[in-house]
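Asks: Spelled out, the chains give:
There are 6 protein chains.
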Amino acid sequence: KKVVTLGEIMMRLSTPDYKRFVQTESFDVNYGGGEANVAAAICNYGLQSSFISKLPDNALGQAAINQLRRYGVDTQHVARGGKRLGLYFLEPGVSMRASQVIYDRADASITEVELSDFDFDKIFDGADWFHTSGITPALSDKAAALTLAALKAAKAKGLTTSLDLNYRKKLWTAEKARETLTQLCQYVDVCLGPDATLGFHPEDTDVDLSNLKQDDYKIVFKQLADKYGFKYIASTLRGSQSASDNSISAMIFDGTEIHHTKQYNVRIVDRVGAGDSFASGLIYGLVAGLNAAQAAEFGIAASALKHTIPGDMNHATVAEIETLIGGDGSGKIQR
Amino acid sequence: KKVVTLGEIMMRLSTPDYKRFVQTESFDVNYGGGEANVAAAICNYGLQSSFISKLPDNALGQAAINQLRRYGVDTQHVARGGKRLGLYFLEPGVSMRASQVIYDRADASITEVELSDFDFDKIFDGADWFHTSGITPALSDKAAALTLAALKAAKAKGLTTSLDLNYRKKLWTAEKARETLTQLCQYVDVCLGPDATLGFHPEDTDVDLSNLKQDDYKIVFKQLADKYGFKYIASTLRGSQSASDNSISAMIFDGTEIHHTKQYNVRIVDRVGAGDSFASGLIYGLVAGLNAAQAAEFGIAASALKHTIPGDMNHATVAEIETLIGGDGSGKIQR
Amino acid sequence: KKVVTLGEIMMRLSTPDYKRFVQTESFDVNYGGGEANVAAAICNYGLQSSFISKLPDNALGQAAINQLRRYGVDTQHVARGGKRLGLYFLEPGVSMRASQVIYDRADASITEVELSDFDFDKIFDGADWFHTSGITPALSDKAAALTLAALKAAKAKGLTTSLDLNYRKKLWTAEKARETLTQLCQYVDVCLGPDATLGFHPEDTDVDLSNLKQDDYKIVFKQLADKYGFKYIASTLRGSQSASDNSISAMIFDGTEIHHTKQYNVRIVDRVGAGDSFASGLIYGLVAGLNAAQAAEFGIAASALKHTIPGDMNHATVAEIETLIGGDGSGKIQR
Amino acid sequence: KKVVTLGEIMMRLSTPDYKRFVQTESFDVNYGGGEANVAAAICNYGLQSSFISKLPDNALGQAAINQLRRYGVDTQHVARGGKRLGLYFLEPGVSMRASQVIYDRADASITEVELSDFDFDKIFDGADWFHTSGITPALSDKAAALTLAALKAAKAKGLTTSLDLNYRKKLWTAEKARETLTQLCQYVDVCLGPDATLGFHPEDTDVDLSNLKQDDYKIVFKQLADKYGFKYIASTLRGSQSASDNSISAMIFDGTEIHHTKQYNVRIVDRVGAGDSFASGLIYGLVAGLNAAQAAEFGIAASALKHTIPGDMNHATVAEIETLIGGDGSGKIQR
Amino acid sequence: KKVVTLGEIMMRLSTPDYKRFVQTESFDVNYGGGEANVAAAICNYGLQSSFISKLPDNALGQAAINQLRRYGVDTQHVARGGKRLGLYFLEPGVSMRASQVIYDRADASITEVELSDFDFDKIFDGADWFHTSGITPALSDKAAALTLAALKAAKAKGLTTSLDLNYRKKLWTAEKARETLTQLCQYVDVCLGPDATLGFHPEDTDVDLSNLKQDDYKIVFKQLADKYGFKYIASTLRGSQSASDNSISAMIFDGTEIHHTKQYNVRIVDRVGAGDSFASGLIYGLVAGLNAAQAAEFGIAASALKHTIPGDMNHATVAEIETLIGGDGSGKIQR
Amino acid sequence: KKVVTLGEIMMRLSTPDYKRFVQTESFDVNYGGGEANVAAAICNYGLQSSFISKLPDNALGQAAINQLRRYGVDTQHVARGGKRLGLYFLEPGVSMRASQVIYDRADASITEVELSDFDFDKIFDGADWFHTSGITPALSDKAAALTLAALKAAKAKGLTTSLDLNYRKKLWTAEKARETLTQLCQYVDVCLGPDATLGFHPEDTDVDLSNLKQDDYKIVFKQLADKYGFKYIASTLRGSQSASDNSISAMIFDGTEIHHTKQYNVRIVDRVGAGDSFASGLIYGLVAGLNAAQAAEFGIAASALKHTIPGDMNHATVAEIETLIGGDGSGKIQR
Ligand SMILES: [Ca+2]
Ligand SMILES: [Ca+2]
Ligand SMILES: [Ca+2]
Ligand SMILES: [Ca+2]
Ligand SMILES: [Ca+2]
Ligand SMILES: [Ca+2]
Ligand SMILES: [Ca+2]
Ligand SMILES: [Ca+2]
Ligand SMILES: [Ca+2]
Ligand SMILES: [Ca+2]
Ligand SMILES: [Ca+2]
Ligand SMILES: [Ca+2]
Ligand code: NI
Ligand code: NI
Ligand code: NI
Ligand code: NI
Ligand code: NI
Ligand code: NI
Ligand code: NI
Ligand code: NI
Ligand code: NI
Ligand code: NI
Ligand code: NI
Ligand code: NI
Ligand code: NI
Ligand code: NI
Ligand code: NI
Ligand code: NI
Ligand code: NI
Ligand code: NI
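Residue numbers (our numbering), protein chains in the order written: chain Y, 1 to 335; chain V, 1 to 335; chain B, 1 to 335; chain P, 1 to 335; chain E, 1 to 335; chain R, 1 to 335.
Chain Y extracted, bound-state conformation (with noise of 0.2 Å):
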């Protein structure tokens, strides 16, 4: 089984030790983004996917390949050249003290990519999944059309689409975001993280979203998932005591009902990429053939593991997550 990913690739640098950037004189180095994050859980699961980006013709490109080739990810469909590799510098927070995160990304090389740098052809053949998120669209012109065209391949070659909101209100307007993934909802099988930039129409139903109450999301999902045919609905549930610990949950529409997955309380060694883990942990469910809500129960289980591993991928195995699963968070020593 195979998914292919579509998306940004970082250089994250981080501060070690909780220092702040204005004491740092090191930065830890990783690299991550969104779907390169699933590209590299995916394999971790023992499944094969292959990640499309464009990256720079340097060393510090090379370096963000090898990070994905080292977990295992397909990288021979990277395009090569533009400006430069998209940056983020991180300063991981601690209790009462929330993380930071600067972003440094602009006139990074998959901003400037061109259809022409990809055979879609190519690339989802063999493949069952195809996988982008709502950042990618957001990052240039070139970028969405490069989205929209990889979701029609990908539906035309049979593969099942998801796709992860993620608005980011710096990269684009809500007005710009709306219109683009309104358009790219169309092709999408399993959406991840809906949020008001796909349209819901609150005057239809009895809906208040100022004040959203459990059986909303109900409401709320059916109509989205009429509206653009999506066939899954997914979305994580965060609580965040402080920047230390955390309480994380997900429920699933399946079209007929919500189900949700337990709630995990979870002590932070680095938050970043969690929401990228529970969505290639419902991938890997769903394409290894459980049904909603096991996979959302497995992609919440791996969620939880990936908080306590440093950096944006996840290295927790199938089976540390099935005995998460299964109850046993106990953290026993395992010799």
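All the pointers check out, no bait thrown in.
Here are some of the chain R residues that sit facing chain E, going by a computed Cβ distance under 10 Å:
| hint | residue |
| --- | --- |
| 1 | 70 |
| 2 | 266 |
| 3 | 268 |
| 4 | 269 |
| 5 | 305 |
| 6 | 308 |
| 7 | 313 |
| 8 | 320 |
| 9 | 324 |
| 10 | 328 |
| 11 | 329 |
| 12 | 333 |
To be clear, the hints were calculated from the coordinates, so they are not data collected in a lab. Only a predicted model underlies this, so the values are computations on that prediction, with no experimental measurement involved. We put the beta carbon where it would ideally sit given N, CA and C, even for glycine.
We have chain Y already, so just place chains V, B, P, E and R with the ligands on it with the hints.
Replies: Then chains V, B, P, E and R with the ligands, alone, in the frame of chain Y:
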């Protein structure tokens, strides 16, 4: 607005990764001291500050100056000379293991300071506030004489003055402390952390010092304020669940009543300098025009955030502190 | 007072900063093993100890010896030779992610130990106590023969003997363990962590092993004490909320009744060697003249503090342990 | 005495321990840039300096300012705003493997600088010298306009001015460089590192530029000095045996003759900023009253010592430089 | 073009900062082995490579695979299982102190390899070259049988084959080595580092093996080429001034004459894998169509650059190698 | 065979990676001192040694003891008490930048040592050699009295005694040094590094001290040997090309003639303790039965290897030293 502080700055040598002194193969280097930490935080909040001290004329003394300059403190009035830089060794605790501090500050340059090393007329020119602590006069007779001279000069120039008592029984006897501090307090407007050395007379009151009740503080503070002419008396309250988890709050007496701040539960990265953070936050608030209760809230929120920052000095910004005062301690990622 | 211990000391290679094995670019190096950890702690508490083992005649074997010497253990009786130093790889867990241990100890020098490598008459001269564990005889037939010979020699020289059972199912079968351990236990005065391998016969009692109640422990311990002539049987109890938070306590049977210690809630820095800390604290207490209940309190408080110290060995001092027993686990800074 | 410099300061991210970009898991952080390095060295030598630039209004911009403050530079005139902090990635070379630099400075805040960001009348008040380089005007048209305005203002206020040409072909074309630099040089007193962009006319001389002889330098320098009114022209000479071993010397033309300095053979710790060290040493010497030959000797000795110091900035002291000039490069321990 | 290599990959644990084994508190982790290093370098030069081996089915085996994938090697044919990952400990030398290596590779998974673990028909499909070394058959009888089978299969499929002799006297006797290697060499086209185990017969020649002259190499190589049908015989020559400075060159015999390469003087960062760098450079050159002399020049220049790169594997690029061949070893900064 | 040494052991705090004091964010920790380094090396060579000193009764004093124990030194006779552990800060030099040492040893515990802290009868029981240096009596009058008492006691017990003069002008005046050292030398058998403080009288000879010729050494050494009854006088000779490259040799006078050792050119990793390495190598050689010339060769080869080892203490083995004496300084990998 400009704040002047006087005191010792030491090199701090701390073990990394929770190692004990007998295990460590390296020390992390920082520089700090009560009044130096206040000076750095004042700059951090956007005001000006100048630090007065004496440091050896070698590269280690220079490194201490550099740390102050790095965070914006004016160091042009620091005298150079004397025998050595004061040091302290820190073994950070965790859980039920307490932090250990080994001071190695005897014969530090500041203990041999001379009044002629400083021109207070120049130093206090344009300044609004002068701050020092009860540790400085405890270091040597010369340091005590300097502290007194500085307080007198500050008052003569119309500055507001503050003193953080910080009685340290390893540095001097209670008797000598009382003798010196009662003299110094004549020139102090804002007193932090009052204690037995100030000579509270319970016999004139209903207060039972061995069983202090909530209402007794007001009686104690009133008597001390009357005796010394303090405008404000402030004090922090710390509950220590373990070396990793504390709860902190503060109270301030404005001559009439006591205001209690919120209480914060903090997970500790570095507890050193938390008291200085309260002092600097309080001073900042009062200089910036907040009332006593507001200034104490600013101080204790600053102190709470300090616990999450490595080193002696506070690098939390005014915006971060105000967010915490506003009620958001959720630690959500700031992108 | 002098304690002799016999066992394996391994090189421990652990990942830093909560990295997983597949992520790490370095390992922190420590050396440890159950009986070696006991020997080091005994010296830490001010008694003398000597460690018996066999180590390869290369720089790695020397480094293991150096670690023991560093913490005061007499290593002059360690035999040199054999093929290799035993290793174990440790990936410390956090939150719901469990610590992983990969042992690489096959063919370690101690597995090829010969009785002629040691002169027990000389080794036990002036010694008061001999300690070993159920891991040592599990390593090889030669190691088992040595363990038996050592226990016999210790008894013959009038030493008190202790054995920490520590059944490891990856090292030998339950059947072989039972056969060996029941023989060894004839020469044991103090048994730690009794388990099924000792051959408790429930049919002679009211005890239902699949549903052990508080009172049943006494029946089990009584039968075992009678069978093997144990003077004391002690055991720790661990509740694992997560890999980061555990609660621990202990109980000791003195032939008549079971004493329960306080329970401590620990936040974990390094959980390895916590059981050995209980053993060494208990032995120290008994050698130092405490009664069984007091010795167990000392042992469990030592073990609690061990969880906060990196590495296998305990560097908490007697004074720190007594402070904790006295009720102060507040972790306030010690200046 | 006070020196003002104008230019860009970048974050430098360098690989530790001779790792290549594709290997590294961390970067060492430093901040540097030609004119920033000059400003820091000037303070190091006991004079005052102020640095002019534009930096983003975030924690990374603040960190760059903090590094300048740490080493004594006045940063109160640095403008804040714009898009991002310029970066460069450094892979230090060794032996026959050359150091690699990847610049990532496009769209740095200084490229969008406005004349209205600065009040040169205030900036140059009390200053003696103004220094900038040929890199600054190459960054953008706005930066070029600022450079010209600064030079004009400096001359108008009676300062001595210096320009380090540093032609970088990746930043602009030779034609555009020539056009801009010939205009700037009208306002320059001391020119460092003259090159082809300054428009030397060989046809008026006996000089064969493709085969430059020792005596030709005088002819070239004389023509340029006459053309632009330079008081001094100075240039370093570097022989590169390998990335680990270089030999350096300098020459200075004082309008009449060329003085050659001693040559130093250096083993390289960090070669970056060595040219800036020559510039700052030369400026210091001339400001301090040395003659041209002496100032160049000071500059090249300072540059030699810089090769042994990590980071972009020079932390060699005046005393150390004078010891080296005096002939002692033996490196004997100073106790 | 695709190269397949067969051999062992070990975890390498090396001391940082020139520490000795008895001093170190950490090890830097790398993974390497002769044939693995060749496979990685081949990918580095832009060709494809696949590595064949057997690795344990645990996280350490996975980490070794990840290192290979990171640098582009196809690892899908690596068998999983067996007892353990081979290790080696490295203490890098400097000046007159030699590097120390402690191998800990007994019972590594590859020693228990079975022919049925591999499908050579599939493995060699589309491949052009097969490479292994004399270390692999020395590991165990099963590994020797696999090596022979692989060489036979490679020849049968029409691949060019190469063998790097690397006789290790700690792994097997000279007699057993000779017996095995003379059999393997029947299937080898390119022989690297021929030595006494190949059974050169001096009695048929004028060669005095105890006093080998320049011209004798041709006679030796000719006899061996005739005996085994080698197309090329290549060998490196190393002069060791100290552990920090070596001079290296190579020679290659093409059946007719011996070509000598340039000699390089290298300052050493990491000497391990330098011989493998020559092998991979030579193979790359021959696969890429260079003649024997050119390929050897490529190989020795690659090897020279390897000495400057930490770890076992070569990350010098084709462009860097060609620059060095072209004569520029000046190490000037590449901006 | 057993050697006893007396002196101070200090904590050494050194900057990593060639950073200057004003740059460093951490210090590497080591412990060393002339006589402590000798004691450790003696154990390293397989003999026994005991170190006498006084150290503070805190964790830092314990850490110094632990370092000595780690390398095999008997520390049971070290007195505990006094004010503080002596420190020194080290900034390692490179190329033409000299290493900087800042001593911070005033008021160290050893300066307050009492004769009653030691029982020399017990300490010297079974010992063969006593060694100290001219630094110890320079620390305080009490330390000088102890040194004299120790030398007398050693002679009375029949030990051979050695003194390494090491005149340090920052610790005492030349006059006081001469007065003290001439008294001590009455009890010294082997004198290392004789200098002007010993009161050589040139007026009785042909020697011109301001222009010392090769033959003059013999005259000087003869007069001193006669005056003080030295059996051997030894001295090292160091040529300092730079802080990175030195050449070293030694000479020894046996009462009749001077023997010169080989000269070694060393590339320096850590130069501290190189003189102590010569002393300990010489002592080892003489104790082990070598003649004077052989012992000096052993000492200088040990010293050469010390330059390649981080820290104050020598970890080169007897086998490595003998290999170097045998002529192999090629640094070839030892597998
Ligand atoms: Ca870290
Ligand atoms: Ca990584
Ligand atoms: Ca660590
Ligand atoms: Ca750390
Ligand atoms: Ca710092
Ligand atoms: Ca350790
Ligand atoms: Ca470094
Ligand atoms: Ca820096
Ligand atoms: Ca390093
Ligand atoms: Ca180090
Ligand atoms: Ca690596
Ligand atoms: Ca050490
Ligand atoms: Ni750290
Ligand atoms: Ni720092
Ligand atoms: Ni730095
Ligand atoms: Ni350690
Ligand atoms: Ni060390
Ligand atoms: Ni720091
Ligand atoms: Ni890290
Ligand atoms: Ni990594
Ligand atoms: Ni560590
Ligand atoms: Ni490293
Ligand atoms: Ni690496
Ligand atoms: Ni990492
Ligand atoms: Ni060490
Ligand atoms: Ni350690
Ligand atoms: Ni590495
Ligand atoms: Ni280092
Ligand atoms: Ni470093
Ligand atoms: Ni720094």
